[in-house]
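So the protein lines, in turn, are chains C and X.
Residues 33 to 157 (our numbering) are what the first sequence spells out, left to right.
Residues 33 to 157 (our numbering) are what the second sequence spells out, left to right.
No wet-lab data here; the hints were simulated from the structure.
A few of these clues could be false.
Any copy will do: because identical chains look the same in the list, a pair fits if it lies in one copy or spans two.
No farther apart than 25 Å at their CA atoms in a straight line, the calculated lysine to any residue pairs in the SDA-like style are these [stated by the list, open to error]:
hint	residue 1	residue 2
1	K134	H48
2	K134	Y112
3	K134	P146
4	K131	D143
On a predicted model such as this, the values are computed, not experimentally measured, just so you know.
There are 2 protein chains.
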Amino acid sequence: MTENRGAALETALAYHRAWTSHDFERAMTYIAEDIVCQAPSGRLESAEAFRGFMGPFAQILIRSNLIAAFGNDTTAVLMYDTDTVPVSDAPGAEYLTVKEGKISHMRIIFDRLPFEAARPAAAKG
Amino acid sequence: MTENRGAALETALAYHRAWTSHDFERAMTYIAEDIVCQAPSGRLESAEAFRGFMGPFAQILIRSNLIAAFGNDTTAVLMYDTDTVPVSDAPGAEYLTVKEGKISHMRIIFDRLPFEAARPAAAKG
Chain C
33 MTENRGAALE TALAYHRAWT SHDFERAMTY IAEDIVCQAP SGRLESAEAF
83 RGFMGPFAQI LIRSNLIAAF GNDTTAVLMY DTDTVPVSDA PGAEYLTVKE
133 GKISHMRIIF DRLPFEAARP AAAKG
Chain X
33 MTENRGAALE TALAYHRAWT SHDFERAMTY IAEDIVCQAP SGRLESAEAF
83 RGFMGPFAQI LIRSNLIAAF GNDTTAVLMY DTDTVPVSDA PGAEYLTVKE
133 GKISHMRIIF DRLPFEAARP AAAKG
């Protein structure tokens, strides 16, 4: 299910392998300082903002497997499944743009509803 | 952002063009009778079950634009943005398997949270 070698796909897969193997600091080496990430909760600008979003998710990850990976030299799409501490079977999809070996843009889609449902009632706003 | 010609990608794009141009019956001609669809709400088996899921969504669609499309002769990935009647800026991603010109498997990811939030309070279970 992995298709079409290309620099962006290679970077996307290296990033994915790093964070799904619990090496988030290595994953961050593939993230551009000025990354723009369009996440379900809104737009994040900068590697630090991205770290604040993906770091906590990487910490609750139990396992992930890649469902699909396509790309070329400039963009790539990954789809993957995850099991996390609060939610099992939580898939995600990412569309990534890579410039000079770093991910400069990411559009990420996942279903927030089961995560919201798993939050302690006292924490719900 | 559309890459790699192939039979599955062509079918995926034809399906996508049909439902996003409000021709849902034409979209259904690309769906296998025994489709298995893994949706955020669970597993759907059969074209009729799929119709019950995607038909109502197609009816509330205002517009869609394709963000990314990759594929080959057997599988494809689409990512797209939509505006719908209850929710604006609602992206989705699909990983599709195509056999004999019909979509036999679809894994679809989208964020149900804004749709849940937009439901009338009386309708929430």
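Hints, one by one, checked against the model:
| no. | hint | in the structure |
| --- | --- | --- |
| 1 | K134 <-> H48 | within (13 Å within a copy, 31 Å between copies) |
| 2 | K134 <-> Y112 | both (20 Å within a copy, 23 Å between copies) |
| 3 | K134 <-> P146 | neither (31 Å within a copy, 31 Å between copies) |
| 4 | K131 <-> D143 | neither (28 Å within a copy, 28 Å between copies) |
Figure legend: structure checked against the earlier numbered hints; hints not met, in rising order: 3, 4.
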